[in-house]
Amino acid sequence: MKKIVVFLITILIFSACTKLEDLNKNVTDPTAVAGEALFTGAQKNLFDQMINTNVNNNIFRLFAQYWTETTYTDESNYDLVTRTIPDNHWDILYRDVLKDLDESGKIIKATAYPADGSAAGKANRLACVEILTIYTYSVLVETFGNVPYSKALDINNLAPKYDDGLTIYKDLITRLNTAIASIDPGAENLGDADNMYHGDMAQWLKFANSLKLRMALLLADLDAGYAGPLVKDAAANVIASNDDNAKIVYLGAQPNTNPIYNDLVASGRHDFVPTSVIVDAMNTLNDPRRQFYFTLVDTSSTATPALVYYGGVYGASNDFTAFSHVANAIQVPTFEGTIFDWSETEFLLAEAAARGFEVTGSAEEHYNTAIRASITYWGGTTADADTYLANPAVAYATATGDYKQKIGTQMWIALYNRGFEAWTEWRKFDWPVLVAPPDALTALPLRYTYPIEEQTLNGANYHAAAAAIGGDDVTTKLFWDKH
Amino acid sequence: MRKFTLFLALMFCIGLQVALAQRTITGKVTSAEDSTTIPGATVLVKGSAIGAITDADGKYKLTIPKDKNVIIFSYVGMNTIEVTLGEGSVYNVALSASMKELEGVVITALNIPREKKSLGYSTQEVKGDQISTIKSDNFINSLSGKVSGIQVKKTTNMGGSTNILLRGNKSLTGDNQVLFVIDGVPVNNNVTNTSTQSQGGMGYDFGNAASDINPDNIESINVLKGSAATALYGSRAGAGVIMITTKKGVTAGENRKKGIGVTLNSSVTMGFVDKSTFPTYQKDYGAGYGHYYDGPGSYWYIRDVNNDGVDEQWVVTSEDASYGARFDPNLLVYQWDAVDKASPNYMKATPWVAAKNGPITFFNNPTTYINTVTLDNASSRGSYLLSYTNYKQNGLLPNSELKKDNVLLNATWNVNDKLTASGSANYTLNKGLGRNSTGYSDNIMTSFRQWMQTNVDIQEQNHMYFDTKRNITWNWADPTVEQPIFWDNYYWTRYENYESDQRNRFLGYASLDYKILKWLDVYGRFSADTYSELQEERRAVGSIAAPFGIGNGPDGSLNRSDQSSGYLRRDITFSEYNYDLMANFNKDLTKNLNLKGVLGMNVRRTNYNRLISATNGGLGVAGLYSLQNSIGPLPLSKELKSKVGVNGIYGSVSLGYKSLIYLDGTLRRDHSSTLPVDKSKYYYPSIAGSFVFSNLVKDSKWLSFGKVRLNYAEVGAGASFDRLVDKYDIITPFNSPSVSVNGTKQNSELDPERTKSIEGGLEMSFFGRRLGFDLAMYNTNTINQIIPLAVSTATGYTYKMINAGNIENKGVELALNATPLKGKHFKWDVAINWAKNWNKVISLTEGVDNLQLGSYQGGITINARVGQPYGVIEGTDYVYLNGRKVVDATTGRYKKTTNSDNVLGNVNPDWTGGMNNTLTYRNWALSFLIDVSKGGSIFSLDMYYGLATGLYKETSYDNDLGNPVRDPIVWLDPNDHTKGYDPTSGGFINEGVNPDGSENKTRVSAANYGTFGYLRNPDKAFVYDATFVKLREISIAYNIPASVLKKCFITGITISAVASNPWIIYKKLPYADPESGLGAGNLQGYSVGSLPSTRDFTLNLKLTF
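Line by line, the protein sequences give chains A and F.
Note that the first sequence covers residues 1 to 483 in my numbering.
Note that the second sequence covers residues 1 to 1105 in my numbering.
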């Protein structure tokens, strides 16, 4: 009996001495972090998503018909459902980019910075957060159309409504103006937490203005009166050299390698070959960038090799070994990832000039600079560029078609490996002519369908948005896509 | 010396008591009702431990010491009779059925034995021998069909986890698995599979921890189904409880003499693949995805691999489909085996034919050896039982095995009249090697079922691997590049890229029971369940790249990067400690009124720690599997340290009036560590009543027993670990520190969950127990559930922890027992179990009408949608017009919906049932069990892809015109399609209507891959009825009659032969077992790359002496 009393008391003591709820403490993960660390993560996630070529995440290189699939041709034929590709694109941009940027901004705002303690330093940090946020939303709008915006990123609202795409877009431009105005290139910044410019705020200004230029021009067909002044304003300080490119340099070890390396090399798979669409176009123009874009392939059936650039048939099944491959330099782990560059900026300026917007320089001058920027970026010489520009089929004065065709075609060639931007510019210019493959499930996609998750998790708003944009189909034209 | 030996032998054979014997009596025990003999009745000399057991004919022989003259005759379910001996030596006794004993005593919650008739809730008992008959790696499998309302879903994975549900899914996203309790000690039943694995991604099924329980140690199982039955266990028992009573040391009994009892139990099991659960391949076409390559028909690679200046015609080795050229034995082509110099066919062309040895030849016949030795004894001072079991299974797949060593010691010591000390120690060493990959990626079965060439001879692959120990695959990236592309040599995969795991588990308790008063005793116990587990995964240098290492998510299984070699280890430690203190009282207040009760407390502490580490970027030294052998810097490990505590106080009161009316009430208060401080304490009650109305009807000719029961119960539950405070994920630094907001929004305002249930039942038996039934009806609502609600990621999160939801489970369960025939030597018993559960999601949370439980490849989701049963399968459907499928008039293909939220089926069966027949004749016993699960749906990713790649026989047949369906479409006039098709045309016509309502007449070409599969058909086409009817087991046992063993020290020999799952009588899911799934958990209804089922045959020998 006595022993039992001892036993009983032991238990009582044991249970009385511990505050039970203290057990529920996570001792392995942080509950407070620096805003800068969130920015680093978000920036990396954004680049990875825009650059990768994983069939589950990013199939824009296929949409632009730069590459096609060899055996499993589902995505080349616009099957977005099987691998829930829109879901993955959406999830990454909202949850892994925008949410982290949002949180980063909140924490930076609340942080008291000791060194030079200036408000300008904090404003610079916040401007970077804001610009990447705007960039990301612009990608979402350009991909889907109407998307959650004003009610997004609020966990207390589980059914965020979709805002009108144009309204979002204009608001983004307004926010971009504010962000640009808040930058003080001399003040403190994100430093090495920013893998893109390492805190160089002058370059951030150029990137922000280039983004503004691009966004304004996307609205040019819809509302030239609105776009014109914005273009003029932005054009004064845009990306002006390949050093200004918005890029990050990847590292040699996974998971920080270039995602293209992961998808093409580390996977050991042979899923993609360049298409005849781009290879033939560049062959015709004797383009000096081919060696940087593709490998040569021997198409001879005799012992004498006949090395040529030879592309697969878009959307059809293609024998991997029979065609050119993606150039090796693009597949190295440390290859840089780019989301905005000089060449693209110059093409946009060329377009602005051609549209009659107020920018310094003529359409032809910018067109030439854009092509030079692209060729030298990829490793060509200025001589290569000169020769190329001398080709009547390339020269702005003599190339076929109106400015949309000229700029559209050359911009498409220059944007190789930049699937998303190429697809968007193609939707804007409607050049070059791309044709849906015979087995395609739909016509050429003009947008992504909304994620399946949105149908199941945010059904009412999904249906309203689908109705508002004219149907949740890949062929629904988005608000800015007027031609 | 010789005399001494004789003496010893004599002692063994007839027992020590002979020495003291004075006289011997004999006789026969029969039933008073029908005069049949009763074998196995106990005949005991009162005031001694001397006794005997009646033999198969009900006869006994007993030697009585000089000073004794009272004999006790007893048998379960019969009234015990005492006979005072007179002059004679023959005493025949007739025992009458006992009303009290009839219903028996069952073990209820907290290990409290109760008379079954006094219970106001439903329980169902299964005897240990019914469990241990089938020699399975997981004893849970043996419950299927034996208990009404239980749903057991055994996967075909080696050592895989078994999903076990009682009365349907109650929790939306939490654990719906039943709680296991051994001798009053809760046992952890964690499934340590990764989240990716459960969603059909790459991984292994490591089984559930309850499989450590050794079926040979089980005396009986009692299933507590409803909340009232389990209320005293508190939160964790919401899904029901399986109470296991292990064997204890016993004194004399059937086939058991006094002294140390020794039991040897040996079994060997051999399995054979059930071919109805494996693909039937077409044998007409070989490798390729269509006709777009080179050479004749564009089906080939034309390469000059041997550099002789002449091109060879090569099979398209890189293509893992069978949509290529038609087989032709006269055609000689270069195949995969012509690539490597080590091959006998190096640079030789061989006939283009279907493989002689298909994938079915890949499987071994799994063999299982189980040996158990048990020692036990008991006396008035106590008892002990010591048992050791060795288990070894060689799996279905090459290089796979499971091994277990299990030691159990149960002991009780009566210190004095008042104090009893008991203890139990159970140690299990569980080792797995080469478990099968599950899911879509890197799973050989996915190749066999979805991506393969029908021309590949598996045995040739076998020889190539064993001859060279290199990865000589059929799936070369190109004949000129000796490098695999999608699939390694299957034998390479099995022998080089194997996993292994090991779990050391200790389970035990020590308890003291002190009888303070006649009606009051106090019981204290400490129990521990602890294990450490190591899971190791390997990928050998030279393999194809596959997701490996550490990615995102808490267990690092999401978005892993492709690596072609590597090593990963998961170190898991688990411990649960329970401190129990209980006061039991049992007092007759008046002659007719009895009061029973318990007052107790329970302190529980659970710790679960996991560390996942892996190499990165490959292995530096081939064949060395260690973290320091990583080429790249080690990725961040995933570390989890969770601690959960619950302090409970409870009480229960039972009132019994005249063995007629019983009333039970319980109340428990839990204090949970996982809830906010101001909400962490919660109470929940239960009340149950039963009325034994048969006691009012005296001397009924037909009614033996009748009882109605009714109960209401509530059970509360806390959250899982760490659901209150937001956290960040640290990600691999990218030049500077890098973090991300965790995808789950935590909630610091969580309330406890609550399950409310009401249950009624009727139990009756007739004609001296020859016929009986137990009917139960229940309605359970689980409300305020703590769930990670999947939310639109536009909120910035994937999940939000909320209190929400109301799931209703209504059901009927019926257990029927009958003895249709009973003769002197012959008996036929039938037990039928049937249960139907209606499950419905009543509500989730405001503004949310769907909770996505899982998202799978193929655009399939499993959901809890308001108004629908839990677990509806959603995806794309056909487009319908007036109830008929719409076919595109131009392409002839079915139109698919663009939305993916169409309900295509649900994972819950309409009803489940089992029928067990036992026939006994003298010493023979034959039993067979038929198990039925009716309804429910299952999506097959195997058919989704496998029909597309042209593997199955459904993709090659003669069409309506008598031509091979894969032949091209031929028009009578290619320029004028209105003239129709040429009689030589291939292709087929989809049944349905064109969008204008007219009958579809457009022919679809089947000449290219995809036509029959996912590419051209909606998800709906691959959703199948999950119904099955199985002959679950047949067993035949023979007890060697005691008369034969009379002169021997062996007292009992039982030989049995058992067939487990010998026949799937009926199923709809093609080429797979509808039960085979990814493993235990809430995500069911998705079939991908499962192993075929096996028919298992066991021979068992049991010796007692």
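Please keep in mind that the hints were generated in silico from the structure rather than gathered at the bench.
Just to be clear, a hint being listed does not mean it is correct.
[As the list claims (entries may be wrong)] Think about it this way: if two alpha-carbon atoms lie no more than 25 Å apart in a straight line, the pair counts; the simulated DSS-like pairs of lysine-lysine are:
id, chain 1, residue 1, chain 2, residue 2
1, A, Lys25, F, Lys641
2, A, Lys25, F, Lys638
3, F, Lys745, A, Lys106
4, A, Lys477, F, Lys895
5, F, Lys810, A, Lys151
6, A, Lys19, F, Lys895
7, F, Lys116, A, Lys19
8, F, Lys745, A, Lys161
9, A, Lys19, F, Lys643
10, A, Lys25, F, Lys679
11, F, Lys658, F, Lys727
12, F, Lys515, A, Lys25
13, F, Lys116, F, Lys127
14, F, Lys810, F, Lys116
15, A, Lys106, A, Lys19
16, A, Lys106, F, Lys727
17, A, Lys122, A, Lys19
18, F, Lys727, A, Lys109
19, F, Lys1067, F, Lys1020
20, A, Lys19, F, Lys679
21, A, Lys19, F, Lys681
22, A, Lys109, A, Lys151
23, F, Lys247, F, Lys515
24, F, Lys643, A, Lys25
25, F, Lys745, A, Lys25
26, F, Lys727, A, Lys25
27, A, Lys151, F, Lys745
28, F, Lys745, A, Lys109
Here's how the hints hold up against the structure:
Taking the CA atoms of lysine 25 of chain A and lysine 641 of chain F, the gap is about 9 Å. The hint holds against a cut of 25 Å. A C-alpha spacing of about 17 Å is found between lysine 25 of chain A and lysine 638 of chain F, which places the hinted pair at or below 25 Å, so the restraint holds. With a C-alpha separation of about 16 Å, the suggested pairing of lysine 745 of chain F with lysine 106 of chain A holds against the 25 Å cut-off. For the given pair, lysine 477 of chain A sits about 22 Å from lysine 895 of chain F by alpha-carbon distance, which is consistent with the 25 Å threshold.
Restraint check: the Cα-Cα separation between lysine 810 of chain F and lysine 151 of chain A comes to about 39 Å, which exceeds 25 Å; the hinted pair is violated. A distance of roughly 62 Å separates the Cα atoms of lysine 19 of chain A and lysine 895 of chain F; the hinted pair therefore is violated under the 25 Å criterion. For the proposed pair lysine 116 of chain F and lysine 19 of chain A, the alpha carbon gap of about 40 Å is over 25 Å, so the pair is violated. Annotation: proposed proximity of lysine 745 of chain F to lysine 161 of chain A holds, straight-line Cα distance about 20 Å (limit 25 Å).
Distance restraint check for lysine 19 of chain A and lysine 643 of chain F: the Cα-Cα separation of roughly 13 Å lies within the 25 Å cut-off, and the hinted pair is therefore satisfied. The hinted pair formed by lysine 25 of chain A and lysine 679 of chain F meets the criterion: a straight-line CA distance of about 17 Å does not exceed 25 Å. Of the supplied pair hints, the one linking lysine 658 of chain F and lysine 727 of chain F is violated, its CA atoms being roughly 60 Å apart against a limit of 25 Å. For the proposed pair lysine 515 of chain F and lysine 25 of chain A, the alpha carbon gap of about 41 Å is over 25 Å, so the pair is violated.
Between lysine 116 of chain F and lysine 127 of chain F the CA atoms are separated by roughly 15 Å; this keeps the pair inside 25 Å, and the hint holds. Our distance criterion of 25 Å between C-alpha atoms is met by lysine 810 of chain F and lysine 116 of chain F, whose separation comes to about 24 Å. For the proposed pair lysine 106 of chain A and lysine 19 of chain A, the alpha carbon gap of about 33 Å is over 25 Å, so the pair is violated. With a CA separation close to 15 Å, the supplied pair lysine 106 of chain A and lysine 727 of chain F stays within the 25 Å bound.
Straight-line distance between C-alpha atoms of lysine 122 of chain A and lysine 19 of chain A comes to about 41 Å, which puts the hinted pair past the 25 Å bound. Annotation: proposed proximity of lysine 727 of chain F to lysine 109 of chain A holds, straight-line Cα distance about 19 Å (limit 25 Å). Note on lysine 1067 of chain F and lysine 1020 of chain F: the hinted pairing holds, with a Cα-Cα distance of about 18 Å set against a maximum of 25 Å. For a cut-off of 25 Å, the pair hint linking lysine 19 of chain A to lysine 679 of chain F stands: about 14 Å separates their Cα positions.
Proximity of lysine 19 of chain A to lysine 681 of chain F is assessed by CA-CA distance (about 13 Å); at most 25 Å being required, the pair is judged to hold. At most 25 Å may separate the alpha-carbon atoms for a hinted pair to count; lysine 109 of chain A and lysine 151 of chain A meet this at roughly 21 Å. Between lysine 247 of chain F and lysine 515 of chain F, the direct Cα distance comes to roughly 24 Å. Compliance with the 25 Å bound is thereby established for this hinted pair. Note on lysine 643 of chain F and lysine 25 of chain A: the hinted pairing holds, with a Cα-Cα distance of about 8 Å set against a maximum of 25 Å.
Distance hint between lysine 745 of chain F and lysine 25 of chain A is fulfilled; the C-alpha atoms sit about 16 Å from each other, no more than 25 Å. Note on lysine 727 of chain F and lysine 25 of chain A: the hinted pairing holds, with a Cα-Cα distance of about 11 Å set against a maximum of 25 Å. Taken as a hint, the lysine 151 of chain A and lysine 745 of chain F pair is honoured in the structure, with Cα atoms around 17 Å apart against an allowance of 25 Å. Only pairs whose Cα atoms come within 25 Å are accepted, and lysine 745 of chain F paired with lysine 109 of chain A is accepted, the gap being roughly 21 Å.
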